[in-house]
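Each chain, written out:
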Amino acid sequence: MSELDLMAMLPDVTSAVMGDLSGTHHESYQEPEGEAVAAVAGLVASTLLQAGEQLGLGALKSISVSGPARARVILLRSHLVLTGTIEPARSLGEVEKALERAD
Amino acid sequence: METILQGLMELVGVNAAMVVDDQGHLLAHRGRAVYDVQLCEHVSGMLARVVDSIQLQHEDWESISARFADGKVLLRNLGVVPQSGPCVLVIVADATLNASFATVAIRVAANKLKRFGESGSGRTPVPSTPNAPWLSPPSAPPMAWSSSPTAPPTFGPAPSTPLPLPIPSSPSGLRPLGAPTPDPASLAFLTRCAKELARHVGPMAKVFVDEAARRVSPGQPFAVSSSEALLAELVSQIEDPKGRLAFLAALKSPPQPTRR
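Chain order of the listed sequences is Z and Y. Note that the first sequence covers residues 4 to 106 in our numbering. Note that the second sequence covers residues 2 to 261 in our numbering.
Pulled out of the complex, with its shape left as it was, chain Y reads as follows (with noise of 0.2 angstroms):
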């Protein structure tokens, strides 16, 4: 959960990203140093009665777009997750924002909690406080949904503090991602990843693979020899079960040659 948060943080002007229940509950949070636990807990009560409204008469509303002054705030559907009823994704962002990235991983991240909701078995609430249920107290550190590999998926204090200000962007609008460079089959390896998960994800796809080589090889470059965990990270972007079989029989084919 806090992984797929993350990711939406990456994305330049994104400030804080969050999951509300339909009580007005923060569930999961990440956001940067000044949209705290505390303020983000405070504006998701507002917004689950912006969408109780909606509702009355948009019963099947799929997002939320809010345009300000100075920035941005949407809200994306997640539909009834199990153990916890109707969820919302809330992006928090300011002027820079692209939109185009933005629709694109919204959606896909969306996608990915919703799956996390179905396949996990719900979550496990840290211990009450009177004010906010589902919330540790206000000196504890942000919550967010947490899982393992065998366990559960369950809820409790995010190990990481709120992030830092965001580091100035690169040309495309991604932050620079500061990974160890890759050996050149790896790398040639990785720039094909990027190029057929962009056939069924769109821009985002260099995002998803630069993630997805960090997470399986964690403090050192990418290797060849670690391609089939990443290539079980990156089928998982892919939501049409026919594109995921498109994209592995892709990657594990041989690369074609280039004519000249």
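Bound conformation, chain Z alone (with noise of 0.2 angstroms):
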């Protein structure tokens, strides 16, 4: 089983993307517009990267984005990005706890 099966298979993850850090779309779960979710996801890792770098904090792990009604996922496999939206988005930290329980 894929990463990208298991994000779509927690609960309120309504749809996952996977890329890579240059913004390249690989493949996506209930996500029509997956290769835009992939070119943001994959410049919003990489610009974070350097600013961890820049401020000592070593290798990102995860991003995650909230607003009122849903939020997103982003976590870094290697050179991977895999991102998963989360409706509604107050299940975003059981997501997160999942997610920390699976990596």
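Rather than coming from a laboratory, the hints here were simulated on the basis of the structure.
Where chain Y lies over chain Z, by a calculated footprint (3+ residues, C-beta under 8 angstroms):
(1) 32-45
(2) 48-58
(3) 61-75
Using C-beta positions, here's what the derived DEER-type ranges look like:
(4) Z:Pro91 <-> Y:Ala186: 43 to 51 angstroms
(5) Z:Lys100 <-> Y:Ala224: 42 to 50 angstroms
(6) Z:Ala105 <-> Y:Gln39: 34 to 42 angstroms
(7) Y:Gly244 <-> Z:Pro35: 38 to 46 angstroms
Quick reminder that beta carbons are idealized off the backbone N, C-alpha and C, glycines included.
Both chains are sitting in their own frames, so use the hints and assemble them into the complex.
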């Protein structure tokens, strides 16, 4: 089972996208705009990687974005970038915990 | 403004707190020695790009948390600040950050920053430099918003130098405050304040009370005679207007006797 499948199986994860740090789209699950999501996630992850290096924080592990209705979690696996969309947003904490347990 | 960022610096694990606009300009900054203005200015440009990218698909984002091997970067959307445009509160923390404390403190700080931006008539930028129009030359001290009771908020050099390295924390996760000890009656009042405030703002209440007591009685023990000033400081920490009224009512009523 791929990491994309694992992400997609989590409760309240409505879609998932696998891409890489260059923003290239690899695979999607129920995400009609998979290419756009992969591109943004790749850019965000690579920029935060640089910021983290400047700040001496070490390797980037994950990014969480929350809003009133939905949230996103972005995981880094080597050069791969896995993005999950979570609805409702209040489930973000549970998804993060599940991903940490699976890590 | 500086007081708000300084309050965040009191949290164990927080190494820098800053306000960044959508152009990546560093509008206000407090940081430990290694996180100086130059570094934070450099990073703020990157963070502005991150926010721009996120907004392409998540226009109503409220917070972003980036988890690294040795720390975290937390961003909180402040919305549009008059005369500055969209702004973001940024916290740089190491692995010792207490996530629960941080969540509450950042929410409170963000709300205070929003109110600050809404109530003030904006900032007056310092004279521009070619590379960073909102910052002073590299040799100048860190920048921070400042305000006084009689003047609108202004933007200028922060009076302090970069903070020293953190001192060891207490078991509660908060730094020892080292404030002068008040008399028993005043101490009892402070304890009541912390207890009542905790109903509205959670576990950061004691920190807010200690900070407010130091502000209203600088350099001397807090005394009950300064209670009005203290309450005025504390009530500003509560977002809900009904909560503010309830807090004031509880503190202005005589203390309930303890039943055995």
